[in-house]
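Each chain, letter by letter, is given below.
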Amino acid sequence: MTTSSSPLPLLLLTGYTLVDYSFDDFPLPDNVHPIWKKIPAIKRAFAANPAAEWVLWLDLDVILMTASLPLSTHLLAPSVLQQKLLPSFPILGSSTRITPAAPNATAVDLIFACDWSGVNAGVMLLRRSAWTEMLLDLWMDPLLIAQDWPAREQEALVHLLDKHDSIWDHVGVVSQRDLNANAFEDEKAGWHEGDLLVHFAGCWVNGECEAHWEEFWRRRSPVPVRYLQGVREWA
Amino acid sequence: MSYKPHLDFDKALLHTSQASRHKRYLLAAAAILLSLYLLLITTDTHVSRQQLSTAVASYSPWRKSDRPPSAAEIEAAEEAEIGSAAPFPASLVKISETRPGPSGDQIVLLMASDDKGNQGNPIPHLHDRAYENRKEYADWHGMSSECP
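Listed in order, the protein sequences are those of chains L and W.
Letter 14 of the first sequence, counting from 1, is numbered 14 in the working numbering, and no numbers are missing.
Letter 66 of the second sequence, counting from 1, is numbered 1066 in the working numbering, and no numbers are missing.
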């Protein structure tokens, strides 16, 4: 790796932008589950960050396990994404869709991973585009919100991509370990050292949320202390 | 015949010549600036691992902490790091091979919640710890790898 002593590169180091909203900022009727507020939150994240090309939505019960893994080389660089999109992959759960035999990374505006129950909307990447704007509008359709779906906004997303080709054509599916690994020992779905993150989806079913969180919090590879030291001393 | 027209002509010629010279100077300056710019953007600007702490120390408006780690903590962390089998992440080394991907400022990490957690099975201090986890990740990729 070559280096430069020029101060200019340092001025160009911008980092990812972290946005943390409170659901209280997005009023919805009391009878609407607050998880629906993730959709206006995504809209606001795009609006408030005009330079943002991609927004990575992360449920709270996600731990970024490998701090050194950049999103560009892990997933978002076009050549990487092209390789990681799953071809001919059946979406499980209530969807009957199968991903194209030859996915096109440049057409993808929404990336997620599937788990045993199908689409998981707890971790997903959305690209700024007119299509994404349309999706976020349709997703908040009162008719969808009014449905008695157990998985609420996630099931609404499944409905949209399952029933509308214009939605499905912009969806990319990657492997679970690339974007939504779980806490269980499983070759394809469970977190392995070096995977980006772990998501404790459904941990409440067996009351394992805290135990999983503490275990993986200890196992994560955080930012080396020496790097943070430089930042913190001079901040 | 008076020589005056010739003088005027000479003055005009002189003006033209000066203007032309100024244009040449401007063009030369622009060419030099363009060359410097091309040299700059084709130079790999990644900061080496060894230089990072010093480099970051000269530009770091990002975050504040209750306290910086003590010297003993830093030493212990470095020893643990050196002693571990984990190599320097290949993903950082390979980044230039996979461009163009989005730069750091083109990526937003988004979290939003009502702090109520996982359907009756709460995780203590979930929001604060999730924030810490994402903040470290976001800052790290400003320091190390995702130069525009």
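Among the hints, a few may not be true.
As the list claims (entries may be wrong) - Derived pair list, reagent style DSS-like, types lysine-lysine, alpha-carbon separation capped at 25 Å:
no., chain 1, residue 1, chain 2, residue 2
1, W, Lys-1023, L, Lys-188
2, W, Lys-1116, W, Lys-1135
3, L, Lys-163, L, Lys-43
4, L, Lys-188, L, Lys-43
5, L, Lys-43, W, Lys-1023
To be verified - Here are a few chain L residues that face chain W, going by a calculated C-beta distance under 7 Å:
no., residue
6, Thr-17
7, Ala-51
8, Ala-52
9, Phe-89
10, Ala-130
11, Trp-131
12, Thr-132
13, Leu-136
14, Met-140
15, Ala-211
16, Glu-215
17, Phe-216
In short, the hints are calculated from the structure, not lab data.
The structure presented is a predicted model; accordingly, all values stated were derived computationally and were not measured.
C-beta atoms are modelled at their ideal positions from N, C-alpha and C, and glycine is treated no differently.
Structure-based check of each hint:
For the given pair, W/Lys-1023 sits about 66 Å from L/Lys-188 by alpha-carbon distance, which is inconsistent with the 25 Å threshold. Between W/Lys-1116 and W/Lys-1135 the CA atoms are separated by roughly 20 Å; this keeps the pair inside 25 Å, and the hint holds. For the suggested pair L/Lys-163 and L/Lys-43, the alpha carbons sit about 23 Å apart, so the restraint of at most 25 Å is met. Between L/Lys-188 and L/Lys-43, the direct Cα distance comes to roughly 32 Å. Violation of the 25 Å bound is thereby established for this hinted pair.
Note on L/Lys-43 and W/Lys-1023: the hinted pairing is violated, with a Cα-Cα distance of about 50 Å set against a maximum of 25 Å. Taking 7 Å as the C-beta contact cut-off toward chain W, the hint placing L/Thr-17 at the interface holds, the least distance being around 5 Å. Nearest Cβ of chain W to the Cβ of L/Ala-51: about 5 Å, under the 7 Å cut. The hint holds. Given hint, L/Ala-52 at the interface with chain W, holds; its Cβ is 4 Å from that chain's nearest Cβ, closer than 7 Å.
With 7 Å as the threshold, the beta carbon of L/Phe-89 stays out of range of chain W, its nearest partner Cβ sitting at about 23 Å, so the hint is violated. At a threshold of 7 Å, the smallest CB-CB gap from L/Ala-130 to chain W is about 17 Å, leaving the interface hint violated. Interface hint at L/Trp-131: violated, since its Cβ lies 17 Å from the closest Cβ of chain W, which is beyond the 7 Å cut-off. For the restraint placing L/Thr-132 at the interface with chain W, the shortest Cβ-Cβ distance is roughly 13 Å, beyond the 7 Å limit, so the hint is violated.
Taken as an interface hint, L/Leu-136 does not check out: its beta carbon lies about 13 Å from the nearest beta carbon of chain W, beyond 7 Å. The interface hint given for L/Met-140 is violated, since its Cβ lies 15 Å from the closest Cβ of chain W, which is over the 7 Å cut-off. The closest approach between the C-beta of L/Ala-211 and any C-beta of chain W is roughly 10 Å, which is over the 7 Å cut-off, so the hint fails. Interface restraint check for L/Glu-215: the shortest CB-CB distance to chain W comes to about 12 Å, outside 7 Å, so the restraint is violated.
About 10 Å separates the beta-carbon of L/Phe-216 from the nearest beta-carbon of chain W, more than 7 Å, and the hint is not met.
Figure legend: structure checked against the earlier numbered hints; hints not met, in rising order: 1, 4, 5, 9, 10, 11, 12, 13, 14, 15, 16, 17.
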